[in-house]
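Based on the sequences and whatever the hints tell you, model everything.
Residue numbers (our numbering), protein chains in the order written: chain E, 1 to 604; chain Y, 1 to 327.
What the hints contain is simulated information worked out from the structure, not anything from laboratory work.
Any given hint could turn out to be false.
What the hints assert, rightly or not - Pairs of lysine to any residue, SDA-like flavour, derived with a Cα cap of 25 Å:
1. E:K465 x Y:L44
2. Y:K193 x E:D496
3. Y:K161 x E:Q282
4. Y:K193 x E:I484
5. Y:K224 x E:P180
6. E:K465 x Y:R50
7. E:K597 x Y:S63
8. Y:K224 x Y:G305
9. Y:K161 x E:V247
10. Y:K171 x E:Y500
11. Y:K193 x E:Q504
12. Y:K161 x E:L285
13. E:K465 x Y:V42
14. E:K465 x Y:T40
15. Y:K161 x E:L254
16. E:K539 x Y:S52
17. Y:K161 x E:G157
18. E:K465 x Y:S52
19. Y:K161 x E:T357
20. E:K539 x Y:E53
Spelled out, the chains give:
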Amino acid sequence: MSISQPIPTHDHTQIELGFLRKYIFSEDHKMIGIQFLFSGMIFLFLGGALALLVRLQIGWPYGNLPMVGNWFPASWGGKMSPEFYTMIFSMHATIMIFFVIIPWLTGAFGNFLIPLQIGARDMAFPKLNMLSYWVMWPSFILMLISFFVAGGAAGSGWTAYPTLSSAAMPDGMTGSPASPNSGTGQVLWLISLLFAGVSSMMGSVNYITTIINMRCPGMTLMRMPMTIWAMFVTAILQAMALPVLTVAIILQLLDKTIGTTFFLPPAGMAFGNWHTGPGGGQPLLWQHLFWFYSHPAVYIMILPAMGMVSDIISTFARKPLFGYRPMVYAIAGIAGLGFIVWGHHMFQSGMDPRLGTGFMIATIMIALPSAVKTFNWLGTIWQGNIQYTSAMLNALAFVSMFVIGGLSGIFMAATPVDVYIHDTYFIVAHIHYVLFMSTIFGIYAGVYYWYPKMFGRMMSETLGKIHFALTFLSANATFYPMHIIGVGGHPRRYFDITIYDTFQHLQPLNAFMTVAAIILGFVQFIFVANFFWSLFFGKKANRNPWHSNSLEWAAPSPPPHGNFEGNVPSVYRGPYEYGHPETQEDYLPQFEPNGPKDTPGGSH
Amino acid sequence: MGSAIMLWPEQASTIASQIDTLFWFVTAVGLIFSLIIGATLVGLAIQYRRQSETFVPTPVHGSTILELAWSIIPLGLVMVMFFWGLFIYVDYNRAPENAMEVYVTGKQWMWHLQHVGGQREINTLHIPTGRPVRLIMTSEDVIHDFYVPAFRVKMDVVPGKYSYLWFEATKPGTYDLFCAAYCGTEHSRMIGKIVVMEPSEFDRWLTQSADRSLALQGRQLFQKLQCITCHHPEANNRAPILEGLYGKRVQLEDGTTVLADEAYIRESILYPKKKIRAGWKPIMPTYDQQVTQDELIRVIAYLKGLKQGETPPLVQQSDAPAVKDEK
Ligand code: HEM
Ligand SMILES: [Cu+2]
Ligand SMILES: [Cu+2]
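Now the structure itself:
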């Protein structure tokens, strides 16, 4: 049910805002989206640099690091220490997940696309929206500061399992009986994620409200593009799961600072008689709370990409999205199941096998909506007239990488197999196929596709295709072998495997992956170059460069403040009317008043 | 089993082949699906590439039959995986009644293993073939994870809680024991071995190690806790030598004497300032909160039996020697 928005008395396009209001403290959803895009890009490179350091140690253990080695304390002799290693792999994951992927998907694309695609002039709460971006900055800054405090940034993994992470700090704020870098660094990590959570929550509330209340006339739920469906479900997931993480973080913060023992067992049972609190806490409680958020969070980190890829594939195949309704149900199904599978991260935590069985069946069921989505994408390109733009190539890469990542998920869903491969490199391979290779390809597809709308210019297709080909090859070369060493028993988060005879023969493979990772890292500069070059020199884009159907293409590129000139558009049909038999062109936009309305079998 | 080039650890337990079979089934399904999807994707992508600007594809909006097909077929396959997996999972969780029990304590960064007969081991676990072994595990500090790739088993070791794991080894040999749960700086160096022996050989090993009493472990602690740096003839008279101390009366600084019994020794370790021996400076640090009750018992047991001239040599590092070297 949509309410029509009153036409504002003043013309939005005419307002002249100062630089500060326009680019920095902007309340315009488009600018906020672009801000998220830029800050995500900065952190992508920081996170990537950390990843390469991790790979260097694994590829050439204790190698003298060129350049970087000079920054290390003299006592390390230019080599990495285990403390440093644990810090960088923890921070790599933290930054990539909380500062790159989530902000990019929901912050950048969610903000930019939601009002445009539903025909609204802005978000429901523009000030809240601005805050949601600026609350990220305390989070960014605290996380960056944490690299420089005594003991360094947090080193207990992105999962921060107690008691490694949570044991309080007896000697002031700097140390912990468990680990040198779960002192101040860990406290800052916790506070930083609190801010990031507040930001996400503000975003979610805004997205949900906007999508429910501000759709333009004619935009029924079942006429919304998949991107909007995905953002909507993601926002709901986020809003329901985040409070649990927030509570967990606060409890851990209390444990660390004032010495409560939510996650510590009674005195005498951990670290000797060291702690003085009442005890009686449970380290496993954290894992339940953390995964209750973080499993839904992994879907937060892919559903929006699924939505965007659906739109992109349909556009460039010049075909309606195959099975719109099943696609919507599949998203809802994934989200629903997402709340009852968190225990699959804890099969080996000593949980009751009866409980484990429940998590096993729920997890294995996720394969179904995933399969439905995959086959519907294939159905969409079937009999199409496919244009291989950079956006389309990245979108198809998303599909194929998601297939691999989803299938490796089934291995782990089958609990007895998970018993063997849990906490090995197989998991690392899975994570990266779904998160890096699916989601990032989805994000790249989205950038190539919506760049003309964001900045009014086209990106270079040539550079785009070179970037795509090199990324695709080097990413697979980096991550595919991880499946193999994983089933070979190679545990994850190991600083040094060369001390084990068993793994000597894996060393060349590890070195190979490191080389591929370095190439992968440097190839990303092509993307950045393309991005900034096109900002100034790209071909000027018209309103609808891809001959696409959804509402954002009704607005000028880039859209002015208030998005649409004159009245907000009205919607007459679903967003996927490509190749409609009764029209001249091969597409029929949602906002085109003339022409047939919804086709049978399509979106009603 | 290092030298052979193999990507896959050998199967050395009864459950290993079961898990591997399920693994290969999932792999087969996964391969078939990725081949089908991959071939379809590439095939469609080539066949339906844009060939003319004016071609307008037929708008197909979906197909209920296909939707049903690609939901029901995967459903069938994952149900097979589920029930097959469940079957193994039940087995994996139910230790046989006659299992031999071993107590495991993980700590940063070593494994303590204790047989029911009192034989204690560090980082190496001896077990026989053909006899189920049930581990009763806990941690002294952070979460660790007992992982033996060749047995295809893995279980977290959690402070404040017992977790259980059972397996039955099938092949004699030495196998890697890893810590799989990230446990801090030296996580990757939490090296362990499982030594699997023929039952007869194992029984021999067990009797030989039986006299590896509490006292022997106390001796090790005496070195590890650095008691020896002061209580040693070469330590510049910093502290009294403790040979033959037990059972004697000790002259204290305040003029009284006290019997050197267990309580006295315990108190001297935990609260050394309480009773100062005549002629010695109160320089001993407290060990309160640094030794467990368990360790205290072992140190006391050691001191009780310490005879003239038996103080061990000064060693710097207290790396626990393997069982055999001790003897
Ligand atoms: C068919 C779909 C999927 C299934 C059945 C599945 C299953 C699993 C299971 C069982 C685990 C735990 C493995 C272990 O630790 O032993 C896991 C880990 C993980 N999954 Fe998935 N997964 C699926 C899709 C995804 C997607 C789409 C994402 C993200 C976009 C994702 C992200 C992750 C991450 C990040 C972890 C590892 C967390 C960690 O331990 O650091 N998975 N998955
Ligand atoms: Cu999960
Ligand atoms: Cu460990």
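Against the structure, the hints:
1. E:K465 x Y:L44: Roughly 20 Å between the alpha carbons, so the hint for K465 (chain E) and L44 (chain Y) holds.
2. Y:K193 x E:D496: holds (17 Å)
3. Y:K161 x E:Q282: At roughly 9 Å apart (the allowed maximum being 25 Å), Q282 (chain E) and K161 (chain Y) satisfy the hint.
4. Y:K193 x E:I484: Holds - the C-alpha atoms of I484 (chain E) and K193 (chain Y) are around 23 Å apart, at most 25 Å.
5. Y:K224 x E:P180: Holds, because 22 Å separates the two Cα atoms, which is no more than 25 Å.
6. E:K465 x Y:R50: holds (17 Å)
7. E:K597 x Y:S63: At roughly 20 Å apart (the allowed maximum being 25 Å), S63 (chain Y) and K597 (chain E) satisfy the hint.
8. Y:K224 x Y:G305: OK: K224 (chain Y) and G305 (chain Y) at ~18 Å, within 25 Å.
9. Y:K161 x E:V247: holds (23 Å)
10. Y:K171 x E:Y500: Given pair K171 (chain Y), Y500 (chain E) holds - Cα atoms ~21 Å apart, limit 25 Å.
11. Y:K193 x E:Q504: Distance ~17 Å between K193 (chain Y) and Q504 (chain E) Cα, so the pair holds.
12. Y:K161 x E:L285: holds (12 Å)
13. E:K465 x Y:V42: holds (17 Å)
14. E:K465 x Y:T40: holds (22 Å)
15. Y:K161 x E:L254: holds (22 Å)
16. E:K539 x Y:S52: holds (24 Å)
17. Y:K161 x E:G157: holds (22 Å)
18. E:K465 x Y:S52: Within the cut-off at roughly 21 Å; holds.
19. Y:K161 x E:T357: Holds. K161 (chain Y) to T357 (chain E) sits at ~21 Å (cutoff 25 Å).
20. E:K539 x Y:E53: holds (21 Å)
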